[in-house]
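Protein sequences, first through last, are from chains D and R.
If you're matching positions, the first sequence starts at 175 in the numbering used here and goes up one per residue.
If you're matching positions, the second sequence starts at 175 in the numbering used here and goes up one per residue.
Among the hints, a few may not be true.
Claimed, not checked - Here are the simulated BS3-like pairs of lysine-lysine, each with C-alpha atoms no more than 30 Å apart in a straight line:
no.	chain 1	residue 1	chain 2	residue 2
1	R	LYS561	R	LYS537
2	D	LYS298	R	LYS588
3	R	LYS588	R	LYS561
4	D	LYS298	R	LYS616
5	R	LYS298	D	LYS616
6	R	LYS561	R	LYS463
7	D	LYS399	D	LYS438
8	R	LYS438	R	LYS455
9	D	LYS588	R	LYS285
10	D	LYS285	R	LYS537
11	R	LYS537	D	LYS298
12	D	LYS269	R	LYS537
13	D	LYS588	R	LYS269
14	D	LYS221	D	LYS298
15	R	LYS445	R	LYS399
16	D	LYS463	D	LYS399
17	D	LYS269	R	LYS588
18	R	LYS588	D	LYS285
19	R	LYS455	R	LYS269
20	D	LYS399	D	LYS445
21	D	LYS616	D	LYS588
22	R	LYS399	R	LYS438
23	D	LYS445	D	LYS561
24	R	LYS463	R	LYS537
25	D	LYS537	R	LYS269
26	R	LYS298	D	LYS537
27	D	LYS588	D	LYS537
28	R	LYS616	R	LYS561
29	R	LYS616	R	LYS537
30	R	LYS616	D	LYS616
31	R	LYS298	D	LYS588
32	R	LYS285	D	LYS537
33	D	LYS616	D	LYS537
These aren't lab readings, by the way, just hints derived from the structure by calculation.
Quick caveat: nothing in here was measured; it's all calculated off a predicted structure.
So the chains spell out like this:
2 protein chains.
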Amino acid sequence: MQSAGGGKQNFDDLPSTFAIVGTIVHSTELSTITVIENGVLHVADGKIVSVGSGGDAPEGVTTVRLTSNQFLMPGLIDSHIHAPQYPNMGLGYDKTLLDWLDTYTYPMETKYSDVEFAQTVYRKIVERTLQCGTTTACYFTTIHPETALLLAQEAAAQGQRALVGKVCMNVNAPDNYTETTEQSVTSTQQFVQDVANLGCDLVKPVITPRFAISCDMELMTKLGKLAQQNNLHVQSHISENEGEVQTVAEMYPNCANYAEVYDKAGLLTSKTVMAHGVLLKPEEVALLKERGTSISHCPTSNINLRSGVCPVRTLLQSGLTVGLGTDVSGGSTESLLDVMRSALSVSVQKGFDDSSQQPLSYKEVFYLATMGGANALSMGNEVGCFKAGMHFDALVVDLNAGPGTVVFEDLPLKPLEMVQKFIYCGDDRNITAVFVEGRELKATAAADVRQFD
Amino acid sequence: MQSAGGGKQNFDDLPSTFAIVGTIVHSTELSTITVIENGVLHVADGKIVSVGSGGDAPEGVTTVRLTSNQFLMPGLIDSHIHAPQYPNMGLGYDKTLLDWLDTYTYPMETKYSDVEFAQTVYRKIVERTLQCGTTTACYFTTIHPETALLLAQEAAAQGQRALVGKVCMNVNAPDNYTETTEQSVTSTQQFVQDVANLGCDLVKPVITPRFAISCDMELMTKLGKLAQQNNLHVQSHISENEGEVQTVAEMYPNCANYAEVYDKAGLLTSKTVMAHGVLLKPEEVALLKERGTSISHCPTSNINLRSGVCPVRTLLQSGLTVGLGTDVSGGSTESLLDVMRSALSVSVQKGFDDSSQQPLSYKEVFYLATMGGANALSMGNEVGCFKAGMHFDALVVDLNAGPGTVVFEDLPLKPLEMVQKFIYCGDDRNITAVFVEGRELKATAAADVRQFD
Numbered sequence: 175m176q177s178a179g180g181g182k183q184n185f186d187d188l189p190s191t192f193a194i195v196g197t198i199v200h201s202t203e204l205s206t207i208t209v210i211e212n213g214v215l216h217v218a219d220g221k222i223v224s225v226g227s228g229g230d231a232p233e234g235v236t237t238v239r240l241t242s243n244q245f246l247m248p249g250l251i252d253s254h255i256h257a258p259q260y261p262n263m264g265l266g267y268d269k270t271l272l273d274w275l276d277t278y279t280y281p282m283e284t285k286y287s288d289v290e291f292a293q294t295v296y297r298k299i300v301e302r303t304l305q306c307g308t309t310t311a312c313y314f315t316t317i318h319p320e321t322a323l324l325l326a327q328e329a330a331a332q333g334q335r336a337l338v339g340k341v342c343m344n345v346n347a348p349d350n351y352t353e354t355t356e357q358s359v360t361s362t363q364q365f366v367q368d369v370a371n372l373g374c375d376l377v378k379p380v381i382t383p384r385f386a387i388s389c390d391m392e393l394m395t396k397l398g399k400l401a402q403q404n405n406l407h408v409q410s411h412i413s414e415n416e417g418e419v420q421t422v423a424e425m426y427p428n429c430a431n432y433a434e435v436y437d438k439a440g441l442l443t444s445k446t447v448m449a450h451g452v453l454l455k456p457e458e459v460a461l462l463k464e465r466g467t468s469i470s471h472c473p474t475s476n477i478n479l480r481s482g483v484c485p486v487r488t489l490l491q492s493g494l495t496v497g498l499g500t501d502v503s504g505g506s507t508e509s510l511l512d513v514m515r516s517a518l519s520v521s522v523q524k525g526f527d528d529s530s531q532q533p534l535s536y537k538e539v540f541y542l543a544t545m546g547g548a549n550a551l552s553m554g555n556e557v558g559c560f561k562a563g564m565h566f567d568a569l570v571v572d573l574n575a576g577p578g579t580v581v582f583e584d585l586p587l588k589p590l591e592m593v594q595k596f597i598y599c600g601d602d603r604n605i606t607a608v609f610v611e612g613r614e615l616k617a618t619a620a621a622d623v624r625q626f627d
Numbered sequence: 175m176q177s178a179g180g181g182k183q184n185f186d187d188l189p190s191t192f193a194i195v196g197t198i199v200h201s202t203e204l205s206t207i208t209v210i211e212n213g214v215l216h217v218a219d220g221k222i223v224s225v226g227s228g229g230d231a232p233e234g235v236t237t238v239r240l241t242s243n244q245f246l247m248p249g250l251i252d253s254h255i256h257a258p259q260y261p262n263m264g265l266g267y268d269k270t271l272l273d274w275l276d277t278y279t280y281p282m283e284t285k286y287s288d289v290e291f292a293q294t295v296y297r298k299i300v301e302r303t304l305q306c307g308t309t310t311a312c313y314f315t316t317i318h319p320e321t322a323l324l325l326a327q328e329a330a331a332q333g334q335r336a337l338v339g340k341v342c343m344n345v346n347a348p349d350n351y352t353e354t355t356e357q358s359v360t361s362t363q364q365f366v367q368d369v370a371n372l373g374c375d376l377v378k379p380v381i382t383p384r385f386a387i388s389c390d391m392e393l394m395t396k397l398g399k400l401a402q403q404n405n406l407h408v409q410s411h412i413s414e415n416e417g418e419v420q421t422v423a424e425m426y427p428n429c430a431n432y433a434e435v436y437d438k439a440g441l442l443t444s445k446t447v448m449a450h451g452v453l454l455k456p457e458e459v460a461l462l463k464e465r466g467t468s469i470s471h472c473p474t475s476n477i478n479l480r481s482g483v484c485p486v487r488t489l490l491q492s493g494l495t496v497g498l499g500t501d502v503s504g505g506s507t508e509s510l511l512d513v514m515r516s517a518l519s520v521s522v523q524k525g526f527d528d529s530s531q532q533p534l535s536y537k538e539v540f541y542l543a544t545m546g547g548a549n550a551l552s553m554g555n556e557v558g559c560f561k562a563g564m565h566f567d568a569l570v571v572d573l574n575a576g577p578g579t580v581v582f583e584d585l586p587l588k589p590l591e592m593v594q595k596f597i598y599c600g601d602d603r604n605i606t607a608v609f610v611e612g613r614e615l616k617a618t619a620a621a622d623v624r625q626f627d
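The shape of chain D in the complex, shown without the other chains (with noise of 0.2 Å):
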């Protein structure tokens, strides 16, 4: 960061009111990117005052200029994440989905009974993702309902916005990992109660069947009913690989497709975000649109696990909102970055075999990681791009602070073009500055800060 007139260094001990001055960039459509050259950006008290251009930062204002190789842009939502699965990243790829729940996720899974363990994990999987430039985060934990509190606690006292929901599964399990129908709704519920309890803004909880294989259609229609009468956000899989699909054809034979499950269940609401999508029929794409369901693309995973490839341009002509998932520990990494790159290989990829599905661009992906992923968790309106009255989530990314997005003296970036190489070549190292509701986090989220009680 440069000093220039009265202004800030750094991002450390920022005030509460603060200007950010320099390249802006943000998505608020698809296949646009609107960039906002010498521009400002007023923050208060978290939330975004004002946005505008001309360079000028408001008089009295604590101020950053960014250099000419920086540049801000909003938080990366993930909209899939599994946080107990983190230690299995990288590991158990030679399995597809069933097989790899049975042989690696579920003995992973179990051992989230252990508070010292799960603290550790979360503890890092938060600390991790915010190094990533994850503003926010809709996590799966275990169906431990002791421990899973503990992520919406990390989540909180980290100052990472976040989703944190309590799987729910009580069939089709492991014996020593499945609930009673009663116990996975009353736990679900006392979640709910203790994530309110946290009075933290940024942690809310999200009702969670695993899935409909795991999950009977009393225990998952509890579920839907407890969603809809507290208005609260839910999160499942659907339609990931073809043996899951089979098996939910013939445990719900009385529904013609797999979302039609989910809809007796009263589980399609306009707050659902269901990950994968792989092999959605044309008329599960239109019931989950009428009902304002969102999916979760999760293109790392479903390499990894041979899923398949989701025909993300169908589904985003069909008018569904669409974010991106890590899905951790399918997914072999946490950075949303990396998502954001597997989303353009496997579309250019989809595109060689179904020429209706035009490879996703670098502009399209900066939109589903940052504002697709807000629509999709039901919260554009509060985070994914700069716009007065939104809260602050953004990142400063810094093209020379990382070892793979180098920009030469004699060749200096356009603003689109740092875009571009930071998508295609940059990592962590490159994000030098994460904010939350105006705070920022990344020097802070390694150390191991404890603030909330």
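Chain D is fixed; fit chain R onto it per the hints.
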């Protein structure tokens, strides 16, 4: 690194004879990774003296003991990289090959008549690829012989093993970026001599006709003769993109296919590596095999430029030698580790649409990035795995040194799990030591060490 007994704590200032004790992994055949637990690798004067197990270092030899989260593996081999295109990395993926060359690549490459600019970029790309664990690189430069030599000097100075080629192109090239046949041949001969005069065993010249579109048959034939008479390495491109294949067919109506063009010119030798091979016909694969010519698979480039996906499984089953290439800047990464992941990803997707294309495994990409690359560059007797008498080109990988590969105390990893985590989730931060010819380079790679004259 742990010190134990008379062991050393780190790799700084190791003498010319030393031993490394710990987990050693390498691959001498596709699909197999050999793990030597409690292994001992003994090095003297840059060469491997012995590799064994049992954990006892030779008496009196300076010994470095790896921690339980570290392993030793062969250095990565980048069999196709365009050094001068480094500043363009991450830019220009809105075009396919031939338009991309005209719009982005040729304008960038013309800049390399500027010695200062060339020096800056070439120094940086050698530094950076070393940091990423590339112990051997097969480089394209530009048509400019004087700056091409700078790259050879830079590799020698920094201690990277390299093949360096002065690019030849005499037709279908921009007016300000072309040569006469005479210029091309003469400057290539001079370049070969200049590289020999460096007197550095690590760096060798490679005859480099850009591709059959930008060289006519007369030039290619002369280059083929030069290569065969002097037993030189050869590199070029083949069958990357449909437009290219079509243009070659039109330019050379008397040749049955693309491979035959190069064969008529005498360019298909057992020391030739051809980049891409996305669209090779079976008879071309057979011809390459007969000639002992190899393919450098460059998946990130193939995706970025929407070229197609190389049928690697078919090539391997046909008996071709295949290595991996970053293909900077069609490729968007200088890290071969990223390319290994990309090779996994595209192979999975290729398999969705063509059941003969069984996806690659992490073991197979490990092989391709090490032994496969060495074989592709006809250096398989010298580098690529650990055997007595071979050069000691190696990496120390530390799982706990990279933020994406964190190992939790309660969950120690087995050797092959460490390898998986590194391949799927690691980055250059995990590579804590890089050896070429027994000399550790990572610590000094970023510094401005100029000892070569």
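Taking the hints in turn, this is what the structure says about them:
{"no.": "1", "hint": "R/LYS561 to R/LYS537", "verdict": "19 Å, holds"}
{"no.": "2", "hint": "D/LYS298 to R/LYS588", "verdict": "21 Å, holds"}
{"no.": "3", "hint": "R/LYS588 to R/LYS561", "verdict": "23 Å, holds"}
{"no.": "4", "hint": "D/LYS298 to R/LYS616", "verdict": "28 Å, holds"}
{"no.": "5", "hint": "R/LYS298 to D/LYS616", "verdict": "28 Å, holds"}
{"no.": "6", "hint": "R/LYS561 to R/LYS463", "verdict": "26 Å, holds"}
{"no.": "7", "hint": "D/LYS399 to D/LYS438", "verdict": "11 Å, holds"}
{"no.": "8", "hint": "R/LYS438 to R/LYS455", "verdict": "17 Å, holds"}
{"no.": "9", "hint": "D/LYS588 to R/LYS285", "verdict": "19 Å, holds"}
{"no.": "10", "hint": "D/LYS285 to R/LYS537", "verdict": "29 Å, holds"}
{"no.": "11", "hint": "R/LYS537 to D/LYS298", "verdict": "29 Å, holds"}
{"no.": "12", "hint": "D/LYS269 to R/LYS537", "verdict": "15 Å, holds"}
{"no.": "13", "hint": "D/LYS588 to R/LYS269", "verdict": "18 Å, holds"}
{"no.": "14", "hint": "D/LYS221 to D/LYS298", "verdict": "27 Å, holds"}
{"no.": "15", "hint": "R/LYS445 to R/LYS399", "verdict": "13 Å, holds"}
{"no.": "16", "hint": "D/LYS463 to D/LYS399", "verdict": "20 Å, holds"}
{"no.": "17", "hint": "D/LYS269 to R/LYS588", "verdict": "18 Å, holds"}
{"no.": "18", "hint": "R/LYS588 to D/LYS285", "verdict": "19 Å, holds"}
{"no.": "19", "hint": "R/LYS455 to R/LYS269", "verdict": "25 Å, holds"}
{"no.": "20", "hint": "D/LYS399 to D/LYS445", "verdict": "13 Å, holds"}
{"no.": "21", "hint": "D/LYS616 to D/LYS588", "verdict": "26 Å, holds"}
{"no.": "22", "hint": "R/LYS399 to R/LYS438", "verdict": "11 Å, holds"}
{"no.": "23", "hint": "D/LYS445 to D/LYS561", "verdict": "22 Å, holds"}
{"no.": "24", "hint": "R/LYS463 to R/LYS537", "verdict": "23 Å, holds"}
{"no.": "25", "hint": "D/LYS537 to R/LYS269", "verdict": "15 Å, holds"}
{"no.": "26", "hint": "R/LYS298 to D/LYS537", "verdict": "29 Å, holds"}
{"no.": "27", "hint": "D/LYS588 to D/LYS537", "verdict": "15 Å, holds"}
{"no.": "28", "hint": "R/LYS616 to R/LYS561", "verdict": "23 Å, holds"}
{"no.": "29", "hint": "R/LYS616 to R/LYS537", "verdict": "25 Å, holds"}
{"no.": "30", "hint": "R/LYS616 to D/LYS616", "verdict": "27 Å, holds"}
{"no.": "31", "hint": "R/LYS298 to D/LYS588", "verdict": "21 Å, holds"}
{"no.": "32", "hint": "R/LYS285 to D/LYS537", "verdict": "29 Å, holds"}
{"no.": "33", "hint": "D/LYS616 to D/LYS537", "verdict": "25 Å, holds"}
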